[in-house]
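Student: So the sequences go chain by chain: A and B.
In terms of numbering that gives the first Met the number 0, the first sequence has 152 at position 153, counting the first letter as 1, and numbering is strictly consecutive.
In terms of numbering that gives the first Met the number 0, the second sequence has 20 at position 21, counting the first letter as 1, and numbering is strictly consecutive.
There could be a bad hint or two in this list.
As the list claims (entries may be wrong) - Distance condition first, Cα-Cα at most 20 Å in a straight line; then the derived PhoX-like pairs of lysine-lysine:
{"id": "1", "chain 1": "A", "residue 1": "Lys273", "chain 2": "A", "residue 2": "Lys284"}
{"id": "2", "chain 1": "B", "residue 1": "Lys51", "chain 2": "B", "residue 2": "Lys83"}
{"id": "3", "chain 1": "B", "residue 1": "Lys62", "chain 2": "B", "residue 2": "Lys83"}
{"id": "4", "chain 1": "B", "residue 1": "Lys168", "chain 2": "B", "residue 2": "Lys179"}
{"id": "5", "chain 1": "A", "residue 1": "Lys112", "chain 2": "B", "residue 2": "Lys83"}
{"id": "6", "chain 1": "B", "residue 1": "Lys51", "chain 2": "A", "residue 2": "Lys256"}
It should be emphasised that the hints constitute simulated quantities derived from the structure, not laboratory data.
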Amino acid sequence: MVRVLVVLAALAFALALTNRVADATEIVDGHNAIISLDIAYVDVSGLPSWTEGSVGKLRHGDDDFVMNRMFIDYSGRLTDTLNAHVVLEAYDDDLGDAIDFTQAYVEWRPVPKSATRYRLKLGAFYPKISLENVDPAWSSPYTQSFSAINTWIAEEIRTFGAELSMSRRPVSLGGAHAFTIDVATFWGNDPAGSFLAWKGWSVHDRQTRFGDKLPLPPLPQIQPGMMFDDQDPYVEPFREIDGRAGYYATAEWRYGKQFLLRAGHYDNRANPEKEAGGQYAWATKFEHLGLQATLPGEIGLIAQWMIGSSQMGPWLNGAHVVDIEFDSQFALLTRSFNRHRVSVRYDHFEVTQNDQTEEDNNPETGHAWTLGYQFGLSKKVSLAAEWLSIKTHRCANEYYDLPETVTETQLQLLFKLRL
Amino acid sequence: MSCAVVQAETINVIVVDPSGTPVPEVVVFVEQDGAKLRSAAPASAVMDQRDKQFVPHVLVVQKGASVLFPNSDTIGHHVYSFSKPNNFVLPLYTGDPHDPVTFDHDGVVMLGCNIHDHMLGYIVVVDTEIFGLTDASGHVSLRVADSARSYVVNIWSPRIRDGKQELTKRVDRPSTTVSKLTFVLQKKLRAPHHNQTEAVQWSEY
Chain A
0 MVRVLVVLAA LAFALALTNR VADATEIVDG HNAIISLDIA YVDVSGLPSW
50 TEGSVGKLRH GDDDFVMNRM FIDYSGRLTD TLNAHVVLEA YDDDLGDAID
100 FTQAYVEWRP VPKSATRYRL KLGAFYPKIS LENVDPAWSS PYTQSFSAIN
150 TWIAEEIRTF GAELSMSRRP VSLGGAHAFT IDVATFWGND PAGSFLAWKG
200 WSVHDRQTRF GDKLPLPPLP QIQPGMMFDD QDPYVEPFRE IDGRAGYYAT
250 AEWRYGKQFL LRAGHYDNRA NPEKEAGGQY AWATKFEHLG LQATLPGEIG
300 LIAQWMIGSS QMGPWLNGAH VVDIEFDSQF ALLTRSFNRH RVSVRYDHFE
350 VTQNDQTEED NNPETGHAWT LGYQFGLSKK VSLAAEWLSI KTHRCANEYY
400 DLPETVTETQ LQLLFKLRL
Chain B
0 MSCAVVQAET INVIVVDPSG TPVPEVVVFV EQDGAKLRSA APASAVMDQR
50 DKQFVPHVLV VQKGASVLFP NSDTIGHHVY SFSKPNNFVL PLYTGDPHDP
100 VTFDHDGVVM LGCNIHDHML GYIVVVDTEI FGLTDASGHV SLRVADSARS
150 YVVNIWSPRI RDGKQELTKR VDRPSTTVSK LTFVLQKKLR APHHNQTEAV
200 QWSEY
């Protein structure tokens with residue numbers, strides 16, 4: 000009840016704020032707030048949800064009407080070149096407070112003095128990886144649930160640090176081409192990788208907020224007296240464990256709006272032998288590649304690849320006790336027809352294990368199909384339907400007396416209000 | 000009323016790409032020796048901002064001209080140019096709060112918006128009163144003073160990739176009499192800026 004009241008109070012506050020600004024998407028007095036509320040009817044089959052401490056890959060475990068998501072995306076202009084940006088999310092689950100932050104940063108955009116422009120971000124934000132999550136509050140305009148890659152980023156990746164972005168639009172090429180390089184150093188994010196190893200890939204739309212605790216399945220290896228019994232029964236992915244900063248770098252080439260290619264590297268530089276406050280540090284690094292193109296027939300294509308590894312625990316027999324490799328790919332096609340949008344996405348995902356630790360069995364392989372439809376009823380109200388099917392083979396399911404190969408499906412009907 | 004009527008000749012300039020297709024929105028300007036057509040003050044001009052685009056995409060003005068930058072969008076724009084020595088910054092605004100910008104140096108002034116990176120516009124400042132932009136049929140008519148011993152016709156567009164020698168034609172008089180001047184470009188044009196933004200509506204958030 001308290002949760003509902005907190006969410007309603009936040010919504011009322013946000014409404015008051017947007018009523019003051021005539022149109023939420025306009026900058027008036029330098030303030031711009033976007034408020035969104037999703038109500039969904041969900042029909043699911045398969046496994047209990049990971050949000051309930053199981054290994055199900057979906058967010059919702061039961062057929063139900065749910066407050067799927069509420070967010071406030073606020074940006075305020077502090078000066079002509081300095082912007083503050085905060086995003087608050089509310090979810091109807093027990094993983095954290097009723098409402099909490101997913102992003103909070105300031106961005107400095109000095110006026111360019113040459114064809115090279117610079118930007119500096121300070122605070123907590125997403126590294127530039129996703130080509131899907133390009134709408135306010137890191138939403139996807141294409142489907143409700145994110146690809147496996149971007150779901151994992153939503154779950155475990157957030158950087159508390161500084162990102163310097165340099166972009167150049169060479170005049171000699173007519174201004175159509177733009178090249179951008181981002182480099183960042185960050186604090187925190189040491190447990191990132193825990194959830195991917197111990198719960199696996201997922202496909203959903205829940206973004207971990209700063210204070211959230213992601214419940215782990217009842218893994219045998221974290222029970223009292225077992226190998227990793229220092230682990231709390233949940234993951235706090237944004238914690239700093241070893242006092243060592245991580246980094247990432249991204250390079251991007253954009254040709255007008257027709258073509259975009261992005262590649263990057265992320266490394267949290269965690270010391271895999273450290274543990275603090277119930278969370279282990281996982282040395283997680285990955286490469287990512289993304290492509291966005293406009294195909295004939297006005298069809299949009301987005302594809303992303305990710306390949307990486309994570310190690311945790313003491314060095315034993317030439318390897319860390321936990322040593323996994325992971326990779327995933329997806330391709331998404333989308334087409335708008337006036338106020339309608341249809342999207343289809345195929346995801347493939349995999350975790351393999353290099354270590355010989357029998358008590359810690361993490362491999363999985365699977366794929367997912369997602370079909371999304373959206374209809375913009377008005378500027379403020381849209382309706383969406385999404386069907387999603389994930390087939391996974393995960394050996395560790397036997398720990399919980401669940402089938403090793405399982406297909407989960409979900410149908411979501413959404414009413415989306417955006418102010 | 001006595002006016003100093005200067006005899007003038009009209010020249011028709013046509014710009015076509017390598018396949019013979021007319022090229023619109025090409026800046027054409029004429030530098031002539033020893034004659035002035037008129038000595039009026041440079042005309043002022045307007046570079047509007049509409050739907051997160053500079054309108055027109057290419058503007059040509061005479062050196063010393065003042066240009067207004069009204070913002071017809073409801074969102075703010077932060078217009079700047081780093082093209083020295085014509086560089087300038089207009090602090091974030093909507094409507095028309097800023098004084099016009101005077102361009103005292105010839106050259107190409109590339110325009111941007113510090114909020115919307117994809118916004119791109121050009122002001123071409125020329126040191127002559129004879130200038131124009133080609134129309135949809137790649138054509139523009141300009142008037143050159145009869146007394147000019149010779150003149151040079153120049154063309155410029157952000158889409159043109161040809162070298163400088165292909166973009167200039169010198170006409171000596173009276174040995175040559177020209178009323179139609181055709182520039183045939185050797186290299187394929189770059190895609191027009193508006194085509195780059197009209198395709199699939201990728202989110203700009």
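Student: Taking 20 Å as the top limit, are the C-alpha atoms of B/Lys62 and B/Lys83 close enough?
Tutor: 14 Å, holds
Student: Has the given pair, B/Lys51 with B/Lys83, been kept, meaning a C-alpha gap of at most 20 Å?
Tutor: 24 Å, violated
Student: Against the 20 Å threshold, does the CA-CA distance of B/Lys168 and B/Lys179 hold or violate the hint?
Tutor: Between B/Lys168 and B/Lys179 the Cα gap is close to 12 Å, so the pair holds against 20 Å.
Student: Holds or violated: A/Lys273 and A/Lys284, Cα atoms, limit 20 Å.
Tutor: 17 Å, holds
Student: For the pair supplied as a hint, B/Lys51 and A/Lys256, is the alpha-carbon distance within the 20 Å limit?
Tutor: Satisfied, since the Cα-Cα distance of roughly 14 Å is no more than 20 Å.
Student: Holds or violated: A/Lys112 with B/Lys83, Cα cutoff 20 Å?
Tutor: Given that 20 Å is the threshold and the Cα spacing comes to 9 Å, the pair holds.
In the structure shown, a violation is registered for the earlier hint numbered 2 alone.
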